[in-house]
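Here's the letter readout for the chains.
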Amino acid sequence: LPPLLLALVALSQIALARRAELSPWLGGGFGMFSTTDHGAARFVRAVALGPGRSEPIPLAPDLERQKLLARDLPTARNAGTLARAVLAREPSATAVRVEIWRLRFDPRTLEPRAERLREAEAHRER
Amino acid sequence: VTTRGRALREIAEADALDLAPRLLLLTLLLNPGLRWQERAALLLLASAGLLSPALARSALLWLGLGAAAAWRALHAWPHADNHDFLTLWACLAVAVSLPAPDPRAALARNARLLLGLVFAFATLWKAVLSPDFTDGTFFRVTLLTDGRFRDLALLAGGMSEALFEENARRLDAFAGGFAGAPWPGLVEPPALRRLASLLTAGTLVGEGLVALAFLWPGARGLARLRDPALLAFCALTYVVAPVGGFGRLLCALGIAQCGADRRLRLLYLGTWLWVLFHETVPWSEALLP
Numbered sequence: 001l002p003p004l005l006l007a008l009v010a011l012s013q014i015a016l017a018r019r020a021e022l023s024p025w026l027g028g029g030f031g032m033f034s035t036t037d038h039g040a041a042r043f044v045r046a047v048a049l050g051p052g053r054s055e056p057i058p059l060a061p062d063l064e065r066q067k068l069l070a071r072d073l074p075t076a077r078n079a080g081t082l083a084r085a086v087l088a089r090e091p092s093a094t095a096v097r098v099e100i101w102r103l104r105f106d107p108r109t110l111e112p113r114a115e116r117l118r119e120a121e122a123h124r125e126r
Numbered sequence: 001v002t003t004r005g006r007a008l009r010e011i012a013e014a015d016a017l018d019l020a021p022r023l024l025l026l027t028l029l030l031n032p033g034l035r036w037q038e039r040a041a042l043l044l045l046a047s048a049g050l051l052s053p054a055l056a057r058s059a060l061l062w063l064g065l066g067a068a069a070a071w072r073a074l075h076a077w078p079h080a081d082n083h084d085f086l087t088l089w090a091c092l093a094v095a096v097s098l099p100a101p102d103p104r105a106a107l108a109r110n111a112r113l114l115l116g117l118v119f120a121f122a123t124l125w126k127a128v129l130s131p132d133f134t135d136g137t138f139f140r141v142t143l144l145t146d147g148r149f150r151d152l153a154l155l156a157g158g159m160s161e162a163l164f165e166e167n168a169r170r171l172d173a174f175a176g177g178f179a180g181a182p183w184p185g186l187v188e189p190p191a192l193r194r195l196a197s198l199l200t201a202g203t204l205v206g207e208g209l210v211a212l213a214f215l216w217p218g219a220r221g222l223a224r225l226r227d228p229a230l231l232a233f234c235a236l237t238y239v240v241a242p243v244g245g246f247g248r249l250l251c252a253l254g255i256a257q258c259g260a261d262r263r264l265r266l267l268y269l270g271t272w273l274w275v276l277f278h279e280t281v282p283w284s285e286a287l288l289p
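Taken in sequence, the protein lines are chains A and B. If you count by our numbering, then the first sequence holds residues 1 to 126, one letter each, in order. If you count by our numbering, then the second sequence holds residues 1 to 289, one letter each, in order.
Take the hints with a grain of salt, since some may be wrong.
[Claimed, not checked] Below, a sample of chain A positions facing chain B; criterion: calculated Cβ distance under 7 Å:
1) Gly-27
2) His-38
3) Ser-54
4) Ala-60
5) Thr-94
6) Pro-107
[Said to hold, decoys possible] Taking beta-carbon pairs under 8 Å as the criterion, some of the chain A residues facing chain B (in silico):
7) Leu-5
8) Leu-8
9) Val-9
10) Ala-10
11) Glu-21
12) Pro-24
13) Glu-64
14) Leu-68
15) Ala-76
16) Gly-80
17) Thr-81
18) Pro-112
19) Leu-117
Honestly, the hints are just simulated from the structure, not real lab data. We put the CB at the ideal spot given by N, CA and C, even for glycine.
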């Protein structure tokens with residue numbers, strides 16, 4: 001039974017990594033140390049939006065859990081949850097956009113290229 | 001017979017149902033988790049099992065340990081380490097093996113399959129699913145910028161401390177500007193590139209061989225390489241890889257599947273201690289200029 005469970009979890013992890021961009025290092029699929037696509041090469045950016053306004057804003061420290069979840073498993077749901085949480089802490093913004101990025105490295109020069117994995121917006125209800 | 005001789009003989013001749021679970025309990029005690037909620041149950045149950053041989057043979061104790069490990073993996077989802085998952089599968093393997101008609105054989109079979117599958121999935125990720133591993137990018141970037149491999153890069157990759165700091169600074173500046181900043185490049189000594197190629201090839205061959213050997217049916221052919229391959233992998237990898245807890249779990253599973261072979265048991269135990277030594281003692285710092 002335990003080997004079967006290991007295989008099921010690992011196969012689910014591969015599916016999540018391929019379809020939902022779960023970081024290959026996570027989720028019990030034994031993909032650690034296999035790729036540069038892990039936490040240190042992923043970034044979350046929040047942008048406050050308003051009439052004539054579009055500026056990057058820092059994420060509040062108490063949003064760390066939601067930030068890590070959106071960064072490492074950037075589903076529409078996780079990104080949306082983070083966007084709504086950021087908006088709730090940003091009273092001056094009419095909307096907030098959250099973007100999740102990862103760095104890919106050129107195999108020859110190692111030049112990093114930023115690749116957007118997901119973005120989500122939350123709008124204040126009038 | 002000296003005390004040391006008696007101790008070694010006692011270990012070498014111990015019942016497989018005592019030795020492997022005891023080593024696993026000790027492994028759990030050394031890596032109980034970061035938060036108290038994760039640590040409490042594992043520490044309590046593992047200590048109880050070590051103090052009482054009867055408890056260590058109770059499937060209920062191992063189910064409890066499995067439940068604690070499962071809670072840790074689920075609570076931290078998806079951020080639990082692979083180490084947490086392997087702890088869970090190892091505890092469950094002991095729990096389901098103890099009530100089996102031939103518990104020693106069941107434990108050996110479960111441990112062998114777990115080891116084979118762990119290395120099969122690790123190899124699948126590295127050889128097939130992650131192109132940046134096979135082309136060497138992973139180890140090049142890691143050796144150039146990851147602090148956990150800094151000592152290795154300094155000792156064997158021709159790096160200097162100043163270069164390492166500079167590379168990390170350049171990458172941080174680029175990422176901090178969300179890729180808007182111009183890319184200044186990373187400084188890569190030729191020796192480091194050679195080291196990265198060696199580590200890439202060595203990891204693919206080593207992990208692939210362990211996977212094949214442990215999943216090979218029967219006891220002939222590649223199956224004969226099971227123990228030498230796993231022992232060599234653990235003895236070499238965890239000297240530099242900063243995940244000694246995972247290495248010790250592999251050694252505990254190795255002992256669980258090696259039967260009554262006295263020499264192999266002592267070799268697994270020695271490797272377990274070797275991994276612990278390299279995790280505990282900052283030996284590489286002493287070698288750095």
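Against the structure, test the hints numbered earlier, and report the numbers of the ones violated in rising order.
Of the numbered hints, 2, 3, 4, 5, 8, 11, 13, 15, 16, 17, 19 do not hold.
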